[in-house]
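Chemist: Given the coordinates of chain B, assemble chain W onto it according to the supplied hints.
Protein chains: 2
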Amino acid sequence: MELRGQIQDIGHRARKAATTLAGVDTHVKNRALMRMADRLVESVASLQEENEKDLKRAKEKGLSSAMIDRLTLTQSVVDEMADGLREVASLPDPVGQVVRMWKRPNGLRVGRVRIPLGVIGIIYESRPNVTADAAGLCLKSGNAVILRGGSEAAHSNKAICAILQTALKKTGISVDAIQMIPMTSREAVHEMLRLEDSIDVIIPRGGEGLIRFVAENSRIPVIKHYKGVCHIFVDESADLDMAERICVNAKVQRPGVCNAMETLLVHQRVASTFLPRIAASLQESGVELRGCPETLKILPHIRKAESDDWDREYLDLILSVKVVKHMAAAIDHIQKHGSMHTESIITSHYQRAEQFLRDVNSSCVFVNASTRFSDGHQLGLGAEIGISTTKLHAFGPMGLEELTTTKFIARGDGQVRE
Amino acid sequence: MELRGQIQDIGHRARKAATTLAGVDTHVKNRALMRMADRLVESVASLQEENEKDLKRAKEKGLSSAMIDRLTLTQSVVDEMADGLREVASLPDPVGQVVRMWKRPNGLRVGRVRIPLGVIGIIYESRPNVTADAAGLCLKSGNAVILRGGSEAAHSNKAICAILQTALKKTGISVDAIQMIPMTSREAVHEMLRLEDSIDVIIPRGGEGLIRFVAENSRIPVIKHYKGVCHIFVDESADLDMAERICVNAKVQRPGVCNAMETLLVHQRVASTFLPRIAASLQESGVELRGCPETLKILPHIRKAESDDWDREYLDLILSVKVVKHMAAAIDHIQKHGSMHTESIITSHYQRAEQFLRDVNSSCVFVNASTRFSDGHQLGLGAEIGISTTKLHAFGPMGLEELTTTKFIARGDGQVRE
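Here the protein sequences line up with chains B and W, keeping their order.
For the first sequence, position 143 matches number 270 in my numbering, and the numbering has no gaps at all.
For the second sequence, position 413 matches number 540 in my numbering, and the numbering has no gaps at all.
Okay, chain B solo, but in the shape it has when bound:
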């Protein structure tokens, strides 16, 4: 069969599986998730054998040690995948939940009920653990999934997917509920992005290049976030001890992720007090600072920020620092340079806290907390399938609920329209 036909066939089987999966009871799905977890742990040896093939190729291709690290299926990575699946089993099932129900004047009882989206397409890069994580979340939310991982993890992904499918056997859930596009060519992704009749939404997970490629080539709606240029604004009324603690956490705790702080905005009235101490703390942790002219007056030894620094997602131990006149200037800067991801204000001023929460147009807006909390687990969604920085369907971290939609139901006793 030709490539197009093969990919279409995967789509048709996913659509069919989704139709029955929508009605499967929670305990059946949970049992399947637990079996998936058990099978992964039992299969560490064979998984590592397949993983070895990917690692060998990665080393031959001279991939960076960070990349090879992400690619490696250690015992603990496999255990974490299994734990992730067990955790998803323990979360409440959103499907069938009656979000609201009300009675109309004519006696019609109208409600909105959560239903799965249908078929989710996940396109991702190097980490093979996404295979199990995404499959688990889609299954629990009643969706069929079509996975397309990076070519560098092809053997590992295929092996994980095969184990998950085996675990579905005899559970009453179709094995077609979890499928993978095994072809590694870019043409295969193109064909996947044309399955508008079989896939309801595409979620790309990876670098900006991947996400732009998917967004520009997909006929299917895409839920996406390009980058996270997150800001912290230290207000004049901030508790500076707290500000220091939060800023260090937001920049240093894990600099390579999208919810790390990239730009620090400091109110001019506290700049001369706060900047020397935060600079000392951050430099102690190896952070390179790049400052605006006002910052340089206080911290003359740091590098000058260039105009493109304000738009950069460093994903590294680098921070741009700007002194602002007042909160309005901070919010303006965020509107202009932010990525609608996550911003936090450190303040002890009631009105300014409230105004920041209201006026900042990002998917996560915090007061006196680290930007690093912008994460499905940390915010209490239980799990995270991805994050959206566009407003349609979902905005911010996405959990199980964001993999569903609602339909209207109405229970009548003969109502007709006048």
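In short, the hints are calculated from the structure, not lab data.
Bear in mind that the values here come from a model prediction, so they are computed numbers and not experimental data.
Each hint should be verified, as a subset may be incorrect.
Which copy is meant is left open, so a pair is good if it fits within one copy or across any two.
Said to hold, decoys possible - 30 angstroms max Cα-Cα, derived DSSO-like pairs, lysine-lysine:
hint, residue 1, residue 2
1, Lys296, Lys230
2, Lys424, Lys297
3, Lys452, Lys534
4, Lys463, Lys534
5, Lys463, Lys296
6, Lys463, Lys431
7, Lys143, Lys180
8, Lys230, Lys354
9, Lys143, Lys354
Modeler: Okay, now just chain W, sitting in the frame of chain B:
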């Protein structure tokens, strides 16, 4: 300025207006809506003058009397527009509503708050009243709107839009919150559909042709419904008096709309009793029936349904009729031929009612009620901006809430991530 530049300028102004509109208090928006209503009523004479130009051209072009009807701004049409705006003023403001708030183990108080989508693009056909309706709903939900009506109503739409903008003056809301693309060329729509940085969502309202054109040419997410092929299934246990009343209502009360019944499915056990009486009732109302072979055995004088009849949205006094073996066959038929719009079961059987509600994959699923209730007003949303038969963002009738999304807020007191 060139066309592209002019359209981009409209987009930029809308984006700017949206930024401030998001924070405008409800009573300011309500006052603006009331003024818009008053100004429309005061301006009937000048509106009708402009409308006359459209009507003259429509008659010259030989448009159908139904089309001319829809185009005509009578006193009562203008009054209805004004009443619509006043009704929107009376509805609760979704913006700022805290959907949910919870506390994390570390004390962080996390919530989800409704915010406007930003800028909505509405592309519509002949009815000029959509201009006021859509502008009112977008304003109330804190969104800027860019309207693009059909060329046949160009003078009327322009006049209505100018009145609405005048009403915004001195309210504190930017007049750029309501804008219209005045150019009537199709190229102007193409340019509008490229404003992915300025428009957050496009809602097309009109025939299938318009909607397909928009969906295929837009770089912006589109919320759409192609057609409504709505079904009623009369179960063997149905109260046949009720079934007759509902079927007549669903087919006859307003046959030209998307929530009218297009196909009647009848359980074989009641076919010989029910079909003769429903046929008599419907034929009395001038409905033409087209039957499957089983139906023809009972109603030998009606026309045979061709295979494409099951997929047709007649929007007319025509009904296709099929006898089915059992409910599962009815649901199969709906899956295959339905448009995920609205389906209703008439039954007195508890389990079958529940199963139908659960298993039918449409945006509205009813028990013992007319499909005609599939409408924002009728379901209690207060108003309707459109209907979606795709699952992303909204599914079914869309009210004010569907013109919003939520952002995460978190109130902390120094939390950092471990």
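Chemist: Are the hints correct? Go through all of them and say.
Modeler: Status of each hint after checking the structure:
no.: 1; hint: Lys296 - Lys230; result: neither (43 angstroms within a copy, 40 angstroms between copies)
no.: 2; hint: Lys424 - Lys297; result: neither (70 angstroms within a copy, 44 angstroms between copies)
no.: 3; hint: Lys452 - Lys534; result: between (49 angstroms within a copy, 27 angstroms between copies)
no.: 4; hint: Lys463 - Lys534; result: between (37 angstroms within a copy, 19 angstroms between copies)
no.: 5; hint: Lys463 - Lys296; result: between (52 angstroms within a copy, 27 angstroms between copies)
no.: 6; hint: Lys463 - Lys431; result: within (20 angstroms within a copy, 64 angstroms between copies)
no.: 7; hint: Lys143 - Lys180; result: neither (34 angstroms within a copy, 53 angstroms between copies)
no.: 8; hint: Lys230 - Lys354; result: between (44 angstroms within a copy, 28 angstroms between copies)
no.: 9; hint: Lys143 - Lys354; result: between (35 angstroms within a copy, 23 angstroms between copies)
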